[in-house]
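**Q** Chain by chain, the residues run as shown.
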Amino acid sequence: MISALSLFDLVLIILLLWLAWHLLSARDLFRATVLFITYGLLMSLAWVRLKAPDVALAEAAIGAGITGALVLVALGRFGEAESDEAEPGSLWLRGLVASAALGLFALLGWAVWSLPTEMAGLKAQVFERMGESGVENPVTGVLLNFRAWDTLLEMAVLFLAVLGAWSLGEAEEPSMPAPGESLLALVRLLIPLIVLVSGYLLWLGETAPGGAFQGGAVLASGFVLLLLAGVRPIPSLMGWPLRAALGSGFALFLVVAVAVTGGSRMLLEYPPGWEKGLILLIEGVLTLAIAVTLGVLFAGGRPPASPGAGKRGEKR
Amino acid sequence: MAGETVILEVFIFVLMILGALFMLVAALGILRMPDVFTRMSCNAKSVTIGLGFLLFAFMLHFRELGVGSRALATIAFIALTIPVASHRIGRSAYLSGVSLWEGTIRDELGEALKGTREGPHKEDAGDEKR
Chain A
1 MISALSLFDL VLIILLLWLA WHLLSARDLF RATVLFITYG LLMSLAWVRL KAPDVALAEA
61 AIGAGITGAL VLVALGRFGE AESDEAEPGS LWLRGLVASA ALGLFALLGW AVWSLPTEMA
121 GLKAQVFERM GESGVENPVT GVLLNFRAWD TLLEMAVLFL AVLGAWSLGE AEEPSMPAPG
181 ESLLALVRLL IPLIVLVSGY LLWLGETAPG GAFQGGAVLA SGFVLLLLAG VRPIPSLMGW
241 PLRAALGSGF ALFLVVAVAV TGGSRMLLEY PPGWEKGLIL LIEGVLTLAI AVTLGVLFAG
301 GRPPASPGAG KRGEKR
Chain B
1 MAGETVILEV FIFVLMILGA LFMLVAALGI LRMPDVFTRM SCNAKSVTIG LGFLLFAFML
61 HFRELGVGSR ALATIAFIAL TIPVASHRIG RSAYLSGVSL WEGTIRDELG EALKGTREGP
121 HKEDAGDEKR
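If you read the protein sequences in the order shown, they are chains A and B.
So for the first sequence, the working numbering puts the first residue at 1; every next one is plus one.
So for the second sequence, the working numbering puts the first residue at 1; every next one is plus one.
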């Protein structure tokens with residue numbers, strides 16, 4: 001007897017494989033992009049089925065939502081240049097690539113297959129010491145206390161990504177039809193709700209799935225919506241305030257990491273009793289920094305040097 | 001008490017079937033409709049209503065404040081975003097020159113835009129000229 005849920009899982013797996021194949025073999029980049037977003041959404045369903053709601057939230061918000069928007073805007077800017085069909089390569093070469101890929105697949109499959117089906121991992125240790133973490137959600141405890149070092153480095157990576165994008169050029173005005181009244185009305189309604197939901201997700205991260213990355217991604221979707229609606233940023237905020245917001249996440253995290261060090265404590269070892277406050281402070285700043293980072297990446301480059309003369313400086 | 005529970009169960013059941021039917025209509029519409037605009041039209045409406053029914057059934061099934069308020073919020077978000085998003089996609093498609101189905105009998109947006117300086121393929125088409 002196949003239960004309804006395992007039937008659902010089977011359909012989900014088949015759909016994911018089918019989507020992955022079509023997205024990789026799609027000649028049309030727009031088609032591939034749409035399939036990629038669909039893939040992200042189904043992937044987040046798969047994470048829910050694997051009982052990893054934290055990852056599911058992050059996948060839906062970042063993997064499907066923000067990354068999808070980033071890929072779409074990149075396609076809008078560079079799509080035409082890439083449309084000429086690539087040479088398929090010789091049969092020999094394709095055979096070589098296919099056998100290498102199959103070999104890797106077999107190796108990975110063997111590795112997964114040889115893992116024990118039931119493995120405690122570090123779960124017991126994490127649950128045993130949750131009391132020391134200052135939060136109730138084990139995932140937040142791991143991300144911001146036990147393995148805060150990883151999250152700190154993730155923030156460094158995000159910061160470097162913005163530096164990379166900014167070093168390539170200035171943000172261009174995306175060419176799209178005028179926003180129209182319906183979109184502006186929606187923006188007016190949604191932006192306050194987005195801020196609310198983002199704050200809610202941040203606060204929820206203490207006890208349930210949620211946290212800085214999810215909240216930040218939701219807030220970033222607000223920035224994306226504003227940019228799409230043709231609302232231009234306030235020029236006076238595009239100078240140092242923007243830069244400060246971008247760097248704030250990594251900087252504050254680093255400052256906390258170093259400040260708590262001392263005596264017998266190591267880097268990022270919060271003093272007892274301070275854990276919750278410090279985690280909340282870090283997460284709050286991270287949310288804003290992540291949102292601004294993703295929003296800036298969507299804009300696609302640094303703001304024009306002189307805000308008054310720049311394309312983004314004036315309001316349409 | 002038991003009678004009420006049965007009635008509620010039946011109500012939830014009916015809501016879920018209705019929701020699933022509307023979703024099916026949306027999927028059929030995507031497959032069967034001849035052009036972007038008709039596809040958009042039937043898809044947006046059925047998905048909004050179908051998801052609304054499903055989430056409402058979900059709310060009644062759990063009967064918890066936390067679940068119910070989230071479901072209601074989701075219904076509100078869906079009712080806000082899907083119509084606007086599909087309107088935007090339809091309008092952008094029209095203005096960027098996607099052709100209508102050959103069987104189309106009336107093109108109101110085209111008529112509305114004809115007298116003005118705007119037209120298809122113009123970016124800054126006037127908003128909602130009535």
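Think of the hints as simulated: they come from the structure by calculation, not from any bench.
From a predicted model like this one, the values you see are computed outputs, not experimental measurements.
Honestly, I wouldn't trust all of these hints.
Pulled from the structure, derived: some chain B residues nowhere near chain A, Cβ distances all over 12 angstroms [what the hints assert, rightly or not]:
id, residue
1, T5
2, T48
3, W101
Reference excerpt, derived from the structure (chain A facing chain B, CB under 8 angstroms, subset only) [unchecked claim]:
id, residue
4, M130
5, S133
6, G180
7, L186
8, L190
We put the CB at the ideal spot given by N, CA and C, even for glycine.
**Q** Any of the earlier hints contradicted here, and which numbers?
**A** Hints 4, 5 are the ones this structure does not satisfy, whereas the remaining hints hold.
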